[in-house]
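J.: What follows is each chain in one-letter form.
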Amino acid sequence: MMTGKDYLESIRKMNMKIFMFGDKIESAVDNPVLRPSLNSVKATYELAGQAEYEDLMTVYSPLVGKKINRFCHIHQSTEDLVKKVKMQRLCGQTTASCFQRCVGLDAFNALYSTTYETDKKHGTNYHQRFVEFMKKVQNEDLVVDGAMTDPKGDRGLSPSQQADPDLYLRVVERRSDGIVVRGAKAHQTGICNSHEVLVMPTIAMKPEDKDYAVSFSVPVDTEGIFMIIGRQSCDTRKLEGGKLDLGNCEYGGMEALVIFDNVFVPNERIFLDGETDFSGMLVERFAGYHRQSYGGCKVGVGDVLIGAAALAADYNGAAKASHIKDKLIEMTHLNETLYSCGIACSNEGSQTESGNYLIDLLLANVCKQNITRFPYEITRLAEDIAGGLMVTAPSEKDLRHPKLGPYIEKYLKGVANVSTESRLKVLRLIENMTLGTAAVGYRTESMHGAGSPQAQRIMIARQSNLQHKKGLAKAIAKIDE
Amino acid sequence: MIIRLKYCGGCNPRYDRTALAARLGRDLPGARLTHEGEGEFDVVAVLCGCPARCAGHEELRGRLGKIVLADERDYTALLKLCGVAE
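Sequence order for the protein chains is A and B. Just so we're aligned: 18 in the numbering used here is position 18 of the first sequence, and the numbers increase by one with no gaps anywhere. Just so we're aligned: 16 in the numbering used here is position 16 of the second sequence, and the numbers increase by one with no gaps anywhere.
Hints in this document: simulated from the structure, not taken from any laboratory. Misleading hints may appear alongside valid ones.
[Claimed, not checked] Looking from chain B toward chain A, a few residues come up when the C-beta cut is under 10 angstroms (computed):
1) LYS6
2) ALA52
3) ALA70
Just so you know, even glycine gets a beta-carbon here, dropped at the ideal spot from N, CA and C.
Throw the hints in and build the complete structure from the sequences for me.
T.: This is how it looks when you write it as structure tokens:
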């Protein structure tokens with residue numbers, strides 16, 4: 001397995017094409033806006049090397065016959081599914097942000113089973129190709145960006161009906177040695193911190209969408225790929241040189257629009273090409289795993305936010321107020337409910353035809369549906385407890401100013417035994433998570449990541465077995481017709 | 001005496017597992033605490049952070065015994081296994 005330092009150097013060696021604020025970024029590793037997101041991924045390597053976390057962070061892989069980082073694992077049991085959620089909670093607690101490596105893990109497991117079943121029906125050899133790819137991922141301890149979301153253009157039209165045919169990523173040329181693809185993937189979490197990009201279709205498809213039913217993996221610095229970094233609220237604070245105003249100066253997340261401008265994919269890296277009848281299965285399984293993931297990662301971030309709110313209450317001198325205690329209880333109740341959903345869909349998982357394990361899809365969708373709501377309420381309660389100062393406090397430069405600083409020290413003091421600076425630090429952390437750079441991951445990603453709320457409701461409706469429930473009611477009510 | 005310590009992954013520990021291990025080191029200055037290796041040791045202490053006790057430890061055996069802790073109060077039993085009364 002790689003160490004954090006090994007990982008950092010491996011990314012530094014890549015020749016990615018990254019654009020931000022209209023400029024090409026020469027080194028994402030050393031860029032102050034992007035570096036915190038790299039640190040979050042680096043933490044997944046560092047935790048794996050620590051004795052007190054290795055039981056969650058590492059696992060034996062039968063694929064390569066050795067211990068690997070769990071982020072590269074093909075789940076072998078429901079215990080693996082449970083430990084995945086626990087690992088994600090730990091990483092969320094450690095970074096208080098999106099650590100970006102789950103999307104690849106979820107893509108691995110979705111493709112492992114889908115390629116097997118595609119081969120069984122169509123006589124293709126995608127599964128063996130994918131197994132060989134996974135051996136490389138596990139042996140080299142790679143970060144892989146699972147890329148699903150196409151720009152989608154007119155949502156009322158299918159991929160092949162769009163005015164611009166590139167609004168869903170597609171095959172534009174088939175050659176004897178591979179394919180050439182063109183299109184884009186939006187909202188790509190962690191792409192500039194990844195070694196490979198593993199592309200999947202974004203929706204179920206019909207036969208006429210054949211060129212859009214494509215899955216493959218290539219290195220992120222492959223010719224033709226470039227990324228345009230997404231803005232985050234308060235992102236340029238990272239260019240000011242201070243730490244306090246960042247709230248979380250070490251860790252963060254990142255997303256980008258990734259363009260595939262006529263990218264060649266060799267045959268051995270193609271895992272789906274034209275089998276439209278398996279596009280829906282791949283999407284459904286990937287979404288299911290990723291909806292499970294949120295029952296771990298968001299919970300870990302929530303743990304930090306609850307802790308920050310409790311500290312703010314301590315520093316404000318309000319910790320003993322009964323309504324504050326009750327709000328902290330409510331935050332904990334909401335957060336542990338999310339965790340319960342993540343654990344439940346894992347425990348109720350089952351084996352696929354390929355041998356790996358899949359979560360219970362109904363419970364995973366219930367998990368994510370709650371995620372679209374509860375972090376917003378946890379955030380509201382954190383802001384309630386923190387008080388208005390979290391958005392009106394002067395800057396770090398003012399605090400350090402020889403004339404202004406003493407006034408800030410004096411008038412923004414809370415309880416006597418805690419410094420004004422510590423009080424401001426915890427308020428900035430809450431600001432960061434609720435409306436700053438980390439709010440991208442904790443709030444809007446909770447809403448739309450792994451599918452927007454309506455996508456889960458469709459899955460819940462499909463799996464709710466309403467006929468069975470009607471039968472139960474009829475039996476109790478003695479209805480015979 | 002060699003005591004093999006094995007931690008759970010620590011996703012939501014109810015007590016400080018590393019602090020407990022440090023305390024064991026202080027209470028048993030003659031013992032060697034290790035986090036590495038499989039097979040047999042004098043004592044195996046699996047430090048789980050909560051009652052789920054999810055750490056895997058099948059590959060570890062204790063000549064004097066193996067104990068899975070899930071609470072700070074289990075520390076007394078660990079000392080007893082090591083032949084020391086707290």
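J.: The structure should be examined with respect to each hint, and the outcome stated for every one.
T.: Do the hints match the structure? See the list:
Of the supplied interface hints, the one on LYS6 of chain B holds, with its beta-carbon coming within about 7 angstroms of a beta-carbon of chain A, less than 10 angstroms. Given the 10 angstroms rule on beta carbons, the hint for ALA52 of chain B holds: about 9 angstroms separates it from the nearest Cβ of chain A. Interface hint status for ALA70 of chain B: violated, as the beta-carbon distance to the closest one in chain A is roughly 14 angstroms, over 10 angstroms.
Violated hint: 3 only; the structure is consistent with all others.
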